[in-house]
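A.B. asks: Letter by letter, the chains look like this.
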Amino acid sequence: MLVVALLWAALTFVGEVLAVRLTPFRPAAAEEGDLIDSAFRSLTILSVPVLAFVLAVLAYSVLRFRVPGDPTQDGPAIRTHRPTVTTWLLVTTGLTVAVIIFPGTTGLLELHDRARHVDMVVQVQAQRYAWKTTYPEYGFSTWELVLPVGRRVRVEVTSTDVIHSFWVPAFRMKVDAVPGLVTTTVVTPSKAGSFQDDPDFRIQCTELCGVGHSVMRAPVRVVELSEFEAWVAQQSRSQ
Amino acid sequence: MAFAPLLRGIGFGAVGFLLGSGLGAIVRVTMGLDPWSAEALVVVGYIFGLVGWLLGVGVWGTWAREWFGLAARRGEAQGWRRYLRFSTDHKVIGVQYLVTFLVVMLLGGVLAVLMRAELMAPGKTIMTLNTYNNAMSLHGILMVAVAVAAIIGGLGNFLVPLLIGAEDVAFPRLNALSFWVIPPVAVLLLLTPLMGGFDSGWTAYPPLSVINAQGQTLYLLAFITFGFSSILGGLNFIATVIAMRAPGMTWSRLPIFVWSIFAASLISLTATQFVAFALLSVLLDRVAGTSFYDATQGGNALLYEHLFWFYSHPAVYIMILPAFGVALEVLAHFSRKPLFAYKWVVGAFMAVVGLSFLVWAHHLFTSGMSDFLHLPFMVTTELISIPTGIVFLSSLGTIWLGRLWLTTPMLFALGFLFNFLIGGITGIFLADVPTDLHLQDTYFVVAHFHYTIVGGEVFALLAGVYYWFPKLTGRMYSERLGKLHFWWVLLAYNVTFIPMFWAGLHGMNRRVADYSPELGGINLFISIAAFVLAASFLLMLVNLARAWVRGPAAGANPWKARTLEWQTSSPPPAENFPAEPQVVGAPYDYGVPGSRHAVVAAKGASEGEEKRDGDAAPRNQED
Numbered sequence: 001m002l003v004v005a006l007l008w009a010a011l012t013f014v015g016e017v018l019a020v021r022l023t024p025f026r027p028a029a030a031e032e033g034d035l036i037d038s039a040f041r042s043l044t045i046l047s048v049p050v051l052a053f054v055l056a057v058l059a060y061s062v063l064r065f066r067v068p069g070d071p072t073q074d075g076p077a078i079r080t081h082r083p084t085v086t087t088w089l090l091v092t093t094g095l096t097v098a099v100i101i102f103p104g105t106t107g108l109l110e111l112h113d114r115a116r117h118v119d120m121v122v123q124v125q126a127q128r129y130a131w132k133t134t135y136p137e138y139g140f141s142t143w144e145l146v147l148p149v150g151r152r153v154r155v156e157v158t159s160t161d162v163i164h165s166f167w168v169p170a171f172r173m174k175v176d177a178v179p180g181l182v183t184t185t186v187v188t189p190s191k192a193g194s195f196q197d198d199p200d201f202r203i204q205c206t207e208l209c210g211v212g213h214s215v216m217r218a219p220v221r222v223v224e225l226s227e228f229e230a231w232v233a234q235q236s237r238s239q
Numbered sequence: 001m002a003f004a005p006l007l008r009g010i011g012f013g014a015v016g017f018l019l020g021s022g023l024g025a026i027v028r029v030t031m032g033l034d035p036w037s038a039e040a041l042v043v044v045g046y047i048f049g050l051v052g053w054l055l056g057v058g059v060w061g062t063w064a065r066e067w068f069g070l071a072a073r074r075g076e077a078q079g080w081r082r083y084l085r086f087s088t089d090h091k092v093i094g095v096q097y098l099v100t101f102l103v104v105m106l107l108g109g110v111l112a113v114l115m116r117a118e119l120m121a122p123g124k125t126i127m128t129l130n131t132y133n134n135a136m137s138l139h140g141i142l143m144v145a146v147a148v149a150a151i152i153g154g155l156g157n158f159l160v161p162l163l164i165g166a167e168d169v170a171f172p173r174l175n176a177l178s179f180w181v182i183p184p185v186a187v188l189l190l191l192t193p194l195m196g197g198f199d200s201g202w203t204a205y206p207p208l209s210v211i212n213a214q215g216q217t218l219y220l221l222a223f224i225t226f227g228f229s230s231i232l233g234g235l236n237f238i239a240t241v242i243a244m245r246a247p248g249m250t251w252s253r254l255p256i257f258v259w260s261i262f263a264a265s266l267i268s269l270t271a272t273q274f275v276a277f278a279l280l281s282v283l284l285d286r287v288a289g290t291s292f293y294d295a296t297q298g299g300n301a302l303l304y305e306h307l308f309w310f311y312s313h314p315a316v317y318i319m320i321l322p323a324f325g326v327a328l329e330v331l332a333h334f335s336r337k338p339l340f341a342y343k344w345v346v347g348a349f350m351a352v353v354g355l356s357f358l359v360w361a362h363h364l365f366t367s368g369m370s371d372f373l374h375l376p377f378m379v380t381t382e383l384i385s386i387p388t389g390i391v392f393l394s395s396l397g398t399i400w401l402g403r404l405w406l407t408t409p410m411l412f413a414l415g416f417l418f419n420f421l422i423g424g425i426t427g428i429f430l431a432d433v434p435t436d437l438h439l440q441d442t443y444f445v446v447a448h449f450h451y452t453i454v455g456g457e458v459f460a461l462l463a464g465v466y467y468w469f470p471k472l473t474g475r476m477y478s479e480r481l482g483k484l485h486f487w488w489v490l491l492a493y494n495v496t497f498i499p500m501f502w503a504g505l506h507g508m509n510r511r512v513a514d515y516s517p518e519l520g521g522i523n524l525f526i527s528i529a530a531f532v533l534a535a536s537f538l539l540m541l542v543n544l545a546r547a548w549v550r551g552p553a554a555g556a557n558p559w560k561a562r563t564l565e566w567q568t569s570s571p572p573p574a575e576n577f578p579a580e581p582q583v584v585g586a587p588y589d590y591g592v593p594g595s596r597h598a599v600v601a602a603k604g605a606s607e608g609e610e611k612r613d614g615d616a617a618p619r620n621q622e623d
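Here the protein sequences come in this chain order: A and B.
Just so you know, we're using the working numbering here: the first sequence kicks off at 1 and counts up by one.
Just so you know, we're using the working numbering here: the second sequence kicks off at 1 and counts up by one.
No wet-lab data here; the hints were simulated from the structure.
All values reported here derive from a predicted model rather than from experimental measurement.
Ideal Cβ positions, reconstructed from N, Cα and C, are used throughout, including at glycine.
Take these hints with a grain of salt, some might be off.
Pair by pair, the computed Cβ-Cβ distance ranges are [what the hints assert, rightly or not]:
| hint | chain 1 | residue 1 | chain 2 | residue 2 | range |
| --- | --- | --- | --- | --- | --- |
| 1 | A | R151 | B | G32 | 37 to 47 Å |
| 2 | A | R21 | B | E518 | 16 to 26 Å |
| 3 | A | S226 | B | P376 | 19 to 29 Å |
| 4 | A | F13 | B | A239 | 51 to 61 Å |
| 5 | B | L491 | A | R21 | 19 to 29 Å |
| 6 | B | L284 | A | D161 | 17 to 27 Å |
Work out the full structure, taking the sequences as your base and the hints as a guide.
C.D. replies: Below, the structure written as structure tokens:
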């Protein structure tokens, strides 16, 4: 028992150090993306002791209880052990409820809450195999999604043909483009960037839509507000 | 002649197809349409062709003749010829399923190798975007079929009657029918490239699946037919477990594998109709002018996703429950200990059956469905970790203090635990709505479900195949090669799929023939590992094929196990047991002095195998 406990502690320690030190993804470029990354980190930190516990018992049992050759006798006739079962049920139920509450429900409520008030609206229309962005406040459309830093944006997504899915890896947020429906997602870009410098700044179709699905991408550019306003003025003139 | 039933089935099937498509053409003319429409004619032709095939292959001779007052013809066959006919012996049907789906699994594996070859580098490597989408879709549906039917249809058919001490399943002819509708499914799917293939994945979301190439129609017919087989199979297992148990085989003495098949059958009997309707409505949209999913005609594409997943999420428990059953069965016998917390496991299986119907919309968190549905489906999905946790409790409790006999099947059962642990934990990240918004439809999902279905279910399937191979064939394979196969698969599997989590987190979405160039390195690594993984299955093939032909005789009970299938000869006689077994105790009471699971009378006993289960005395009477 002590050996297993030590093994568990050691594996947990190593796992947690890795979970905290290693960042498994490039930094997000939207406030909602930071929330999602932090939920991912919380889940990783919560998972490590569970993973470590099962691995510790599994590894110890295999090494300690293996019998070379054919077994000549049976193990002890333990059919069940009520304290173990009760503890196990309490712990797994507790963990499940904990994960449902945090980061699940808390994150979900915050995302829903953020959707209530937005600073601007853009409309994105998916069609095989391109993304068209319309700025209803300014009355023009482009084939590039350009957003200002720090403004909360509701993206209204639809499709003219089959189901697509709107995903910007740098923002983390994703929502399907369904013909006949308008679906929405809310993003607040938090730092400037562009597709030329970082491939995560792209709209990527993530719902299989036909032959061009994998290359159905559009560039995304996040700029400072002043630059955005200049760009809007220029677009409005040229259209 | 050995091939007569097959040839008759093909002949009748061809006649039926011509008759049906001719009829379809006539109907079209009377409706004032152009008589020629490949899809419509194929649909009508297929329905008649399927009936013709089934009648020809054996339904008429062994079954339908009786409906018309004629004597049924029950030809007997011996040796390999049994497998080519409409046999009603559950053991023959089990082997038919198992061999069929192992072949389908290899075909699906070849497609996976081709896909990984394309993905070795960004840009085009060996195939066009369209070919990739078709190969990926075909890989998906073939492997889903394997996952649904290989354990239940193969191991379930062979073993459930033996494990409960029955002579056969409740409805043997229905059982044969369930199997013989499978070959047309395989033929349809393999013919899809002739009609342009289908590029909508195994999920076939409309409107894409309504407007794409005509191969989609063959896919829809195939999946509906396969569902029919699944419903009949589920019905048969439920009836068998309820009605065919040997005297004394109370519910609390049922081997856990039987419980798992029973639980999975409850789902296949009751959920499959929903996907059948979903697919049928797509088919009608394609060929009959309906508009279930055309938004411009009042349809709703999102409706399909709900219908589809209302079956297809429970279906993952059709896949994994029997895998739990096999793994726990193997762990108990090879730990030489009672299955820990058996009653809790039974409760957990039933809880999974119930919860499985309440979680489908977690596939739809990004679909645009109403926001208020996110929370309840996140909660129900997370709750499934409690019953699956009990499976881990039982597994760890069983090996703890055991006398672990690390044979090939035991290694695969332990490997199952390791892989399924990773599959289960990563599932939490996908059940959690905030993280799922990012991870949905990326390689993180690809890695997760391969961990549950390949690392989990297929490992359990292999544990079961190695465990029961001596019972199925009467022969023993090479343990050395079996263990080598295990270590090879375990390492190659994990090296292939762990990096996919990383790729998904770094912006690689799924179902893509091409990807951002910066993901080239990781994909090359995954592809090479995947080729090494694929090669390991050749080793299993060689080992098992050689053993089947000229392996050493296995004897009735090479694993010294207590359950009933080992208390009769290997392979068992047609009637399974020399006399009806009397069940007198629990199946896993290893280490309980004087306990026994069942008494099998000696009358005409083969190999003198009676009354040898569960003796507390040292087991030295092995042949």
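A.B. asks: Look at the Cβ atoms of S226 (chain A) and P376 (chain B) and judge whether their distance stays inside 19 to 29 Å.
C.D. replies: Once the Cβ atoms are compared, 44 Å apart, the range 19 to 29 Å for P376 (chain B) and S226 (chain A) is violated.
A.B. asks: Looking only at beta-carbon atoms, does the pair R151 (chain A), G32 (chain B) fall within the given range of 37 to 47 Å?
C.D. replies: violated, 59 Å
A.B. asks: Has the hinted range 16 to 26 Å been met by the Cβ atoms of R21 (chain A) and E518 (chain B)?
C.D. replies: holds, 23 Å
A.B. asks: Verify the CB-CB distance for L491 (chain B) and R21 (chain A) against the hinted window 19 to 29 Å.
C.D. replies: holds, 26 Å
A.B. asks: That 17 to 27 Å hint for L284 (chain B) and D161 (chain A) (C-beta), does it hold up?
C.D. replies: With a Cβ separation near 20 Å, L284 (chain B) and D161 (chain A) satisfy 17 to 27 Å, so the hint holds.
A.B. asks: Between F13 (chain A) and A239 (chain B), is the Cβ distance one that fits in 51 to 61 Å?
C.D. replies: Holds: the Cβ-Cβ distance is about 53 Å, inside 51 to 61 Å.
In this structure, the hints that do not hold are numbers 1, 3, in rising order.
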